[in-house]
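Colleague: With the hints as your guide, set chain L with the ligand onto chain A.
Residue numbers (our numbering), protein chains in the order written: chain A, 1 to 446; chain L, 1001 to 1490.
Please note: incorrect hints may appear among the correct ones.
[Unchecked claim] Listed next, the in silico DMTMM-like pairs over lysine to aspartate or glutamate satisfying Cα-Cα at most 25 Å (straight line): (1) L:1231 <-> L:1242; (2) A:4 <-> A:369; (3) L:1033 <-> L:1383; (4) L:1044 <-> A:73; (5) A:26 <-> L:1479; (6) L:1002 <-> A:64; (7) A:77 <-> L:1015; (8) L:1138 <-> A:402; (9) L:1425 <-> A:46; (10) L:1138 <-> A:381; (11) A:374 <-> L:1015; (12) A:403 <-> L:1084; (13) L:1044 <-> A:46; (14) A:374 <-> L:1383.
[Unchecked claim] Each pair of labels, with its calculated beta carbon distance range: (15) L:1118 <-> A:190: 52 to 58 Å; (16) L:1099 <-> A:84: 29 to 35 Å; (17) A:151 <-> L:1388: 19 to 25 Å; (18) A:4 <-> L:1271: 37 to 43 Å; (19) L:1451 <-> A:299: 45 to 51 Å; (20) L:1271 <-> A:103: 57 to 63 Å; (21) L:1438 <-> A:4: 56 to 62 Å.
Bear in mind the hints are in silico, worked out from the structure with no lab data behind them.
Bear in mind that the values here come from a model prediction, so they are computed numbers and not experimental data.
Heads up, the beta-carbon is just placed ideally off N, CA and C, and yes, glycines get one too.
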Amino acid sequence: MAGKMIEQERYTCAIGALQSVVAIPKALPILHSGPGCGMMVRGFFERSTGYAGGSTSPCTNFSESEVVFGGIDKLRKIITNSYKILNSDLQVILTGCTAGIVGDDIDSLANEFREIGRPIVTVETAGFKNNNFVAHGDVVNAIIDQYTNKFIDENPVRSEKRTVNLFASIPYQDQFWKGNLRTYKHLLEQLGFKVHILFGPESAGVTEWQQIPRANFNVLVSPWYGQSIVEHLKNIYGQPFFKFPHIPIGANETEKFLYTLLSFAEENDTPLDYKKAKLFIKHESAAYYEELDNLATFLLEFRYGLPNYVHIIHDAGYVVGLAKFLLHETGIVPKEQFIVDNTPEKFQQDIRTDLKGISTKKNVPLLFEPDAGKVQNIIRDITYDGRGLLIGSGWDKELSKEKHFDFLSASVPSPYRLVLCTGYAGFHGGLRVMEDIFNTVLASYR
Amino acid sequence: MKKIDLTMPEVEVRETRLGSITSFQGSAGELVKCSGHGRIQGKKRTFSQCIDCSISKAACMVTLIQDAAVICHGPVGCASCLHEFAFTYRVNAPLRNVAHPTQRRIFSTNIGEEETVYGGGDKLAETIRDVYKRTQAKAIFVLSTCAAAIIGDDIESVTNELESELGIPIIAIFCEGFRSKVWTSGFDAGYHGIARKLIKPAKTHKQDVINVINFWGSDVFTQWFAAFGVKPNYITPYSTVESLSHSSEAAATIQACPTLGSYLGAALEQEFGVPEIKTPPPYGVLQTDRWFRELGRILGKSEIAEQIIAEKKATYLPQLEKIRARLEGKLAYVTAGAAHGHALLSVLRELGLKAVGAAIFHHDPIYDSNTQKADALAQTVRDYGDIPNYNVCDKQEFELVNMLHHLQPDVLLARHGGMTLWGAKFGIPSLLIGDEHFSMGYEGLIRYGKRLIEVIENDEFVKNLAKHTANPYTNWWLEQEPYTFLKGKK
Ligand code: SF4
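So that you can see chain A by itself, here it is in the shape it has in the complex (with noise of 0.2 Å):
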């Protein structure tokens, strides 16, 4: 998983999957792990604490006789010591490079706590084997394996034809994680699903992952990170899955995602109200319109200059999503675009493909490049006429300051903004998205 060198991370290490038990309410990440790494996680991503995360999650803190006899010993004490100190439905142990090096079994200590009834799971995410986009599906995944499984009986497969698991925005690592989330739950529900929405405070916690059986099929709305969870699904409990590889901001997307999810949903016998479902998709459309009808003037008519070109630093669902939004939504017209979360090679070719749908009149185009640094001096050599826009991440802002880009900070690490239940997916996003642009346009107006 590894490649060469990184500057200006955009992403973690497997580790930093952790941040996906954080967002399961009630849930305790356990870290058997250097004394480092929990800091890292946290520094990366900011405010980001949750229940029980940042200086709240147990960690073996591993010093040199860890290193040399191994750290069992001291992670069952913890464990113990955990059921005593903190309120928790579900513990998850993860490992750091030093437990993963030193070989520790920490699968055979977790049964010792199963076999009295705790709902504990094991995963390895030793930062040298993974990042955190990959190590989030191997989060969802133990989970599956070791906690939803021991439910099963209760839990038939498939028992519950309108119902949905849905893996979308990766916890933390989209920073429009709960408001994308909470926008998908909201817009299948009007569509007649009920939703697993398994992370964040529209979840209904651990009861939802003992059901995740239940549910007819998946959805995965991602290009490549979580297609490992709905692989699994498939493959353990016969769930198809529908995917829609990018992420659906505005109306356009936001359509074409609710449109082939419905006919998805028919192929496989899903009892909705169609009819209702396509008149609540017609009547949100419309709604957006409306605001555009307002904007267009502004974007059409302000005299003062309005970014006319885009380039965006990110994570692959939302380089295209963003791009195709922008161009048919805003006018603003993608240039040069960086995917900078390691994009394995087998999907590189699928996520082109996607990008070149943006238009028969253009191509756009596209580096996967995960060393951001290299992708700014990318960006220092081209020029063009007009105004600039820069869509990336906190590192960002000097680059945008020293090319006079119009700035938006909309991935991590993110020290100039903040982002609290803000989500770009979906009719709304979309909206959120030109205000955030047109705003910080506005504002360097002084």
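Modeller: Frame of chain A, contents of chain L with the ligand only:
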């Protein structure tokens, strides 16, 4: 083994070099007494939470050097919080008159499974070359990580080879997390690298320059020093590779925080002949008096020191009286790193508050200067009396939460992120001041006092938060003694 040996690539961690501990329960006076009598023994905890890594401590000192680049040799995770220092650098630059703060250059070698099997030395060498090409940095620092250390990469040889190849200092810093529970060992590791490879023996001595080892706080020293006709040479934030190399030429070294600068202050004195002002930094009236006197003495300008002391006291002491009247008798709890924690304990007691306890991240029985004179905890106990419930605790949140629950102070004073949250969750007004210079000197007491009054009086937010916030801790735990999980107890 010598404590300071610049011929060695690594410096020993604080546990072995200074006998530092991360657990203790008792009173501050007891701890001072034990420290004076040889080694104190820390106890072990049978429960622990995420702490901190030496890497980030070493990194903050080298990342903020204006013209250096930093490579973290390990998986991406071990460098992932370092963007915070890029932010710090940019935001605090105006405080230090850096008009155009440049992008911090922070890299990860991004090692993977393959390197853990075959070694990461080649990749490191290749990265150093690429980084040099990309940044043209004046020096490159290489931080080691747990993974790199355990697989046994010979970082020292690689950096030495590349140093001769590229002709700039390439400095290996050994700061992997598992080596030390005292994460401030990372400061020592960073400074050791600077001392052994950047600082050059002095050719001339400048009587008008004083080294100030500190973080990135506001520039209070320029003004203070001006009266003595000297100026500060700040180490290391906002310094340059060139200015650091001349640190050996200064007339003296002072430290804003002995936890931070212990090692470098001593190295500059012992290896480069720059005398170190060992009395603790100027927090509280009594210590500020002492500190100015010591400065005057070292510079041979005692009469100026006396003049400053007299003038400043005439201005500030009457104001201080007024502030004291409003804070008298309020109960405070402190959580902070060692030396700054001691400083806060002096400040708050000078302001008339009562310290009901403290959770201090570690304890150094003695600093590298090897003198009792530098002991800031002893000083605060001497000046203001003993402190009960003095807990040495490496950011163990569960103990802090338990303590706050039992002691219910009127205010929580913290330095270091993540800790004020728990004051607020219990409805206790909480204050974190990042700028370590904020409460220094006589005027600092006024500043801090005013801020404290504001925080205590405006408690609507924390009271509301306390009503609604989630608390993952069990009732059982909150009712136990705070030290239940220190080994030797049950
Ligand atoms: S693996 Fe080791 S070096 Fe890296 S963050 Fe964790 S504790 Fe620090």
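Colleague: Give a verdict on every hint.
Modeller: Consistency of the hints with the structure:
1. L:1231 <-> L:1242: Answer holds: residue 1231 of chain L to residue 1242 of chain L is near 17 Å, not above 25 Å.
2. A:4 <-> A:369: holds, 10 Å
3. L:1033 <-> L:1383: holds, 15 Å
4. L:1044 <-> A:73: holds, 13 Å
5. A:26 <-> L:1479: Judged against 25 Å, a Cα distance of about 22 Å means the pair holds.
6. L:1002 <-> A:64: holds, 22 Å
7. A:77 <-> L:1015: holds, 24 Å
8. L:1138 <-> A:402: Satisfied, since the Cα-Cα distance of roughly 22 Å is no more than 25 Å.
9. L:1425 <-> A:46: holds, 19 Å
10. L:1138 <-> A:381: Satisfied, since the Cα-Cα distance of roughly 24 Å is no more than 25 Å.
11. A:374 <-> L:1015: violated, 41 Å
12. A:403 <-> L:1084: Since the Cα atoms of residue 403 of chain A and residue 1084 of chain L sit roughly 23 Å apart, the hinted pair holds (cutoff 25 Å).
13. L:1044 <-> A:46: violated, 30 Å
14. A:374 <-> L:1383: violated, 56 Å
15. L:1118 <-> A:190: 52 to 58 Å: Taking Cβ atoms as reference, residue 1118 of chain L and residue 190 of chain A lie about 54 Å apart, which means the hint holds.
16. L:1099 <-> A:84: 29 to 35 Å: Since the Cβ atoms of residue 1099 of chain L and residue 84 of chain A sit about 55 Å apart, the hinted range of 29 to 35 Å is violated.
17. A:151 <-> L:1388: 19 to 25 Å: violated, 50 Å
18. A:4 <-> L:1271: 37 to 43 Å: For residue 1271 of chain L against residue 4 of chain A, whose Cβ atoms are near 38 Å apart, the range 37 to 43 Å holds.
19. L:1451 <-> A:299: 45 to 51 Å: With Cβ atoms ~46 Å apart, the hint holds.
20. L:1271 <-> A:103: 57 to 63 Å: Between residue 1271 of chain L and residue 103 of chain A, where Cβ atoms are some 42 Å apart, the hint is violated.
21. L:1438 <-> A:4: 56 to 62 Å: violated, 43 Å
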